[in-house]
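Undergrad: Here is what each chain is made of, one letter per residue.
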Amino acid sequence: MKYTIQIVGVGGQGVLLASMVLGNAAMNRGYRVAMSEVHGMAQRGGSVLSTVRFGDDVISPLEADGSADLIMGFEPTETVRNLPLGNRDTLVLMNLDPVYPSMVAAGFEKYPDIEELIGAVTKVNPNLVTLDATKLAIDAGKAVAANAVMIGAVAAMKDFPLLKEDLLEALKSQVPEKFLDLNVRAFEMGYNAVKN
Amino acid sequence: MSDLLAKEGKQLLLGNEAIVRGLFEAGADFASTYPGTPSSEIGNLLEKLASEAGMYFEFSTNEKVAMEVSAAAASSGLKSFVFMKHVGLNVAADPMMTLAYSGVTGGMLILSADDPSAHSSQNEQDNRYYSLLGLLPMVEPSTPAEAKDMVSAAYGISQATTLPVLFRTTTRVNHARGVVDLGPLGQPRPKGHFERDVVRFVNIPAHARVNRKRLLGLMEKAREISEESPLNFVDGEGDVGIITSGVSYTYVKEFVRGVSILKLGFTNPLPERKIAEFVRGKRCVVVVEELEPFLEDQVLRICAQNSIQVPVYGKRTGHLPYAWEFNPRTLEGISEIVQVQEFRESMPASQVKLPSRPPTLCAGCPHRGMYAATKKAVGSRDVVYCSDIGCYTLGVAPPFQTADFIICMGGGAGAAGGFAQATDQTPIAFIGDSTFFHAGVPALVNALFNDHKIIMVILDNRTTAMTGHQPNPGTGREFGGVQTEPIDIERLVRGIGVKYVEEVDPYDVKAATQAMKGALEHDGVAVIISKCPCPLELKKRRMLEAKRCEVDQSKCIQCYSCLRTIACPALIKRGEAVETDPTQCIGCGMCANVCPKGAIEVRR
Chain A
351 MKYTIQIVGV
361 GGQGVLLASM
371 VLGNAAMNRG
381 YRVAMSEVHG
391 MAQRGGSVLS
401 TVRFGDDVIS
411 PLEADGSADL
421 IMGFEPTETV
431 RNLPLGNRDT
441 LVLMNLDPVY
451 PSMVAAGFEK
461 YPDIEELIGA
471 VTKVNPNLVT
481 LDATKLAIDA
491 GKAVAANAVM
501 IGAVAAMKDF
511 PLLKEDLLEA
521 LKSQVPEKFL
531 DLNVRAFEMG
541 YNAVKN
Chain B
165 MSDLLAKEGK
175 QLLLGNEAIV
185 RGLFEAGADF
195 ASTYPGTPSS
205 EIGNLLEKLA
215 SEAGMYFEFS
225 TNEKVAMEVS
235 AAAASSGLKS
245 FVFMKHVGLN
255 VAADPMMTLA
265 YSGVTGGMLI
275 LSADDPSAHS
285 SQNEQDNRYY
295 SLLGLLPMVE
305 PSTPAEAKDM
315 VSAAYGISQA
325 TTLPVLFRTT
335 TRVNHARGVV
345 DLGPLGQPRP
355 KGHFERDVVR
365 FVNIPAHARV
375 NRKRLLGLME
385 KAREISEESP
395 LNFVDGEGDV
405 GIITSGVSYT
415 YVKEFVRGVS
425 ILKLGFTNPL
435 PERKIAEFVR
445 GKRCVVVVEE
455 LEPFLEDQVL
465 RICAQNSIQV
475 PVYGKRTGHL
485 PYAWEFNPRT
495 LEGISEIVQV
505 QEFRESMPAS
515 QVKLPSRPPT
525 LCAGCPHRGM
535 YAATKKAVGS
545 RDVVYCSDIG
555 CYTLGVAPPF
565 QTADFIICMG
575 GGAGAAGGFA
585 QATDQTPIAF
595 IGDSTFFHAG
605 VPALVNALFN
615 DHKIIMVILD
625 NRTTAMTGHQ
635 PNPGTGREFG
645 GVQTEPIDIE
655 RLVRGIGVKY
665 VEEVDPYDVK
675 AATQAMKGAL
685 EHDGVAVIIS
695 KCPCPLELKK
705 RRMLEAKRCE
715 VDQSKCIQCY
725 SCLRTIACPA
735 LIKRGEAVET
745 DPTQCIGCGM
755 CANVCPKGAI
765 EVRR
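These protein sequences, in sequence, are chains A and B. Whatever position you read off the first sequence (first residue = 1), add 350 for my numbering. Whatever position you read off the second sequence (first residue = 1), add 164 for my numbering.
It should be emphasised that the hints constitute simulated quantities derived from the structure, not laboratory data. C-beta: ideal position from N, C-alpha, C; glycine also. Misleading hints may appear alongside valid ones.
Said to hold, decoys possible - Straight-line C-alpha distance at most 20 angstroms; calculated DMTMM-like pairs for lysine to aspartate or glutamate: (1) B:K695 with B:E714; (2) B:K174 with A:D516; (3) A:K460 with B:E743; (4) B:K174 with A:D447; (5) B:K737 with A:D415; (6) B:K417 with A:D415; (7) A:K352 with B:E418; (8) A:K352 with A:D509; (9) B:K737 with A:D406; (10) A:K545 with A:D509; (11) A:K473 with B:E714; (12) B:K212 with B:D258; (13) A:K460 with B:E740; (14) B:K517 with A:D439; (15) B:K355 with B:D167; (16) B:K417 with A:D406; (17) A:K508 with A:D439; (18) B:K446 with B:E506; (19) B:K517 with A:E459; (20) A:K522 with A:E465; (21) B:K417 with B:E506; (22) B:K737 with A:D516; (23) B:K174 with B:E211; (24) A:K352 with B:E740; (25) B:K539 with B:E506; (26) B:K761 with B:E667; (27) B:K617 with B:D672; (28) A:K352 with B:D672; (29) B:K681 with B:E701.
What the hints assert, rightly or not - Which stretches of chain A does chain B cover? Using the computed rule of at least three CB atoms under 8 angstroms from a CB of chain B, they are: (30) 378 to 385; (31) 415 to 429; (32) 453 to 464.
Unchecked claim - Quick list of simulated restraints, FRET-style, between CB atoms: (33) B:G402 with A:F458: 52 to 62 angstroms; (34) A:K473 with B:G402: 38 to 48 angstroms; (35) A:E519 with B:K703: 41 to 51 angstroms; (36) B:K617 with A:F458: 42 to 52 angstroms; (37) A:E519 with B:P562: 44 to 54 angstroms; (38) B:E740 with A:M351: 47 to 57 angstroms; (39) A:K473 with B:E392: 38 to 48 angstroms.
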């Protein structure tokens, strides 16, 4: 067994924390884990990509384009931008809540319609799962818990090789004590949003 | 969360975390650096943990000084560790080249974090050549787990040869994460003692000639160690051989079948007998390495010297690229020679027009104010914006476009003097506070000395921001039980004789514009110190005041001056109206300062 998750989003969305949770859950299950993160320049509001790979025989921190088993998209345009990381059998999980780039916010560029972005995925991939992770996180108590919503959602994805309990335990070990309840609530909301 | 001082267990560690753990296990005594990605996290971790581990650590003024302080520690019997990004080693190359002549009495590792694909760098130079140039043993780990273990192994090599060892990593080792088994912690010593040995440590020409021969002998000894080293091993069987090192090994190991791999971890001096023995009898050999054909050319030479007639494929034969980092798909270049796993066809890139998302200066970043002020003051004058290495490099993007020339740390300041002399244009050099101390001071002295009429703008945001907020001489030091006073930039600049010095608050864009106008009129070297702490740093320290800007729509005339001049990500255009984004706005008031109608208010 080998599994590759490509997590894409925007600096500040908690992509690195999500990758730590997934990686630790895989390690605790006894898998080999190889991950790759982008630090530095990319954090200043730019696009971020984190690769999480685990399985019996994994050592490479990078995966070939086209070979992702799951694309975990924290932001719609970043998900669409990174479709070439996967193939037509790849599962695509997409948060529908946008983060506007500065040139869009300032009115110099246009952000595409969300329907157009959904269409861009479904045109090439039949496995799209969408959710409003940021809105769910606000319902759970705070927008910053969107990454916990996303991790919960991953736990409910078809054939995901790690157990829901594994992910929840790993999440609990990675977040500060005082935000524990918030994150657990957000995780469950993400899980239920995909399961139902 | 990772606990790098844990007694035992296994953890999912970043390569840089694994290296720090490796230092603790090896009992390293002394470390120094100048921050640079992809090595930066090592410094941030040592800032927090070194004293608890019983180790001394410092952020030095620049890489050259970092090399020198660690050289002294290793010449006093201690185990020292100096680390930097690849281009930092250029700065430190001067002491390093002669340090090898003297060697060390304790142990010393020089970590060079190379950055293939230049993710956060100005070039992708291959620092493995420094090991040949400087006659230094070199090791290259492939994974975080190996990086941890290789720290102790490399100290062993350093002690056996009495030479500093180059510890060469790349971004995909530093910023990879993997499972690491923790070993027992070592026992650092607080102090060593320097034993005088004039021939060895004083490289006057007569001694240098002696030391040069001694060094060549030590490198022969290093070659013998390399021949026997478990860091160089053969993995798998097949009549086709692959020779590889670093992260490239992980791609070959996982995605190529039916080959025999010679995995090299000790890569200078190369184990020549082992390589000759490996190649002999193979149908052909492929060398898989990123950047330059460092191994490949030496393999070709070893084959020639041993009269081995086996084809060697790689970069010289056009099968693998020189530029940019590898990934598993790069191996398709050798799929006619070896059995490479077939990769799935990618989904096509979408035809939907997506907005760009480049890294930008943060909301409320004080650099925005100084850039806006400069543009306003300069108007239509013919200027050359010399810039430097740091967050402020992002001024290259619209609407500022305040970077015309960037080469290296302090390079903009030095080049400004050249532009002043070689052209009739006005050079304006932007430089950060940390970069000013690193390499800007000599450039400013040069401008005074040679009467180059430059304007230097020191963007003093009270931290080394881009690499993750490290202290610098301008902030003083407050960690590891050491406290020092900040060095006052204004007094320093006045002290060396600059006549026009203005310190401004860049949030007051109007005042900053006046200061820049004055500098443009001044006949001589002018310095503007744009002083305002980085809001991200304030946020981290929980010192950011809760304020926000609000647009009074009844006063706003929709001229968009704020958007065009400050272009803060917290300013949002909804329809024709300008609003502020409460999740991003920090209430710095720069937009209010440039509003011609006073339509923006700062609320507490």
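Undergrad: Hint by hint, which ones does the structure fall short of?
TA: 1, 4, 5, 9, 11, 12, 14, 15, 18, 20, 22, 23, 24, 25, 26, 27, 28, 29, 35, 36 and 39
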